[in-house]
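K.L.:
The chain contents come next:
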Amino acid sequence: MTPKLAEIWVYLAASPLLGLTVTLVAYQGAYWLYRRAGCNPLANPVLIAVTALVALLTLTGTSYPTYFAGAQFVHFLLGPATVALAVPLYAQFRRVRTLLVPVAAGLVAGCLTAILTAIAVGKWCGASTPTLLSLAPKSVTTPIAMGVAERIGGIPSLTAVLVIATGILGAVGARWLFNSMRIDDPAIRGFAIGVASHGIGTARAFQVSEEAGAFAALAMGLNGALTALLLPALLPLLRAWMGA
Amino acid sequence: MLEALTQLLLFQLAGEVVARGLDLPVPGPVLGMLFLLAALVLRSGPSHELQATSHGLLQHLSLLFVPAGTGIMVHLHRVADEWLPLVAALLASTAATLAVTALVMKLLMRPRTAAAADAP
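In the order they appear, the protein sequences are chains A and B.
Each residue of the first sequence is one higher than the one before, counting from 1 in the numbering used here.
Each residue of the second sequence is one higher than the one before, counting from 1 in the numbering used here.
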């Protein structure tokens, strides 16, 4: 680098402008790729953007806190966006009344299964306690999952990645699983996808049918709220179980 | 937009104050979401402005996970050390959650569909 360029780099590397800009550029590039791939869940834009950013930061020797000083302006919006989830949730609210019993029972069963099987399998395979606590909220939408992980002693950024992976797994595998189980009611298929794999699964369900998508969106919101209330309340029991 | 954004921040603030004040383990923004949902039920629906602002914010929800997701670079060693339990837990738990939720619902919905099928 010429001295002038080096000088500019020193300035930019220390300013929040660069972290904010690369976040937006990386996401828009990743979103473009996702659209080009026909919205294939395997081409998840968050996954692509995060991979690109980690590679970029590693190559330029930039530390995560330096990057985050700029990216925090995007990160801050997660709070109001979580509050805003109440609006689509309200829109689905009337549908619950007609199917109150199956929806409530499916929700509670799915929520507990998601938390308990993740911890049980992880523990059985030898995961550490912070990793198990980061796994526990993996089925709920990222802003809620990260908030819960932080509250219960998990690692929010690890949770964010596990949530995305869960969403992709559900979006890719649900069709095959439901077909082999002979479950063909779109309301059930959609609701189960929403409980297990939040927004990424919901986006996939909307591609299949409007009804499945609406039920997935409803399930995503309800499971987010239930997990946020249930998981911290279960924490003492879970900690005793994990032996920590 | 400004009014709706202020409204969202006020609900978030209320959620944060209640969560910290009462020492609740629930994240503040989640409480804020539940407060807003209660308010929407009471007022029977969001204002046009709140509807539009929420839509705009949620349309690009994925972008908001990127800064935190990038934080994985600090924990790469943990993923490398514990990749087996992570992969096993994600696969087993996602499949189990899909299957259990669907089976419970199917079991409880059967009477309704059977009754409908029996009807002339």
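There could be a bad hint or two in this list.
To be verified - Straight line, CA to CA, 20 Å or less: simulated DMTMM-like cross-link-like pairs of lysine to aspartate or glutamate:
| # | chain 1 | residue 1 | chain 2 | residue 2 |
| --- | --- | --- | --- | --- |
| 1 | B | LYS106 | A | ASP184 |
| 2 | B | LYS106 | A | GLU7 |
| 3 | B | LYS106 | A | GLU150 |
| 4 | A | LYS123 | B | GLU3 |
Unchecked claim - To give a feel for the contact side, a few chain A residues facing chain B, derived at Cβ under 7 Å:
| # | residue |
| --- | --- |
| 5 | ILE48 |
| 6 | ALA49 |
| 7 | ALA52 |
| 8 | ALA55 |
| 9 | VAL74 |
| 10 | LEU89 |
| 11 | LEU100 |
| 12 | ALA104 |
| 13 | ALA165 |
| 14 | LEU238 |
| 15 | MET242 |
As the list claims (entries may be wrong) - One-sided and incomplete, this derived list gives chain A residues near chain B with beta-carbon spacing under 8 Å:
| # | residue |
| --- | --- |
| 16 | LEU18 |
| 17 | LEU33 |
| 18 | ALA37 |
| 19 | ALA86 |
| 20 | TYR90 |
| 21 | ALA127 |
| 22 | LEU177 |
The hints are simulated quantities; they were obtained by calculation from the structure and are not laboratory data.
Glycine included, C-beta positions come from ideal geometry on N, C-alpha and C.
K.L.:
For which of the previously enumerated hints does the structure constitute a violation, in increasing order of number?
P.N.:
Going through the list in order, the structure violates hints 2, 3, 4, 5, 7, 8, 11, 12, 14, 15, 16, 17 and 18 and respects the others.
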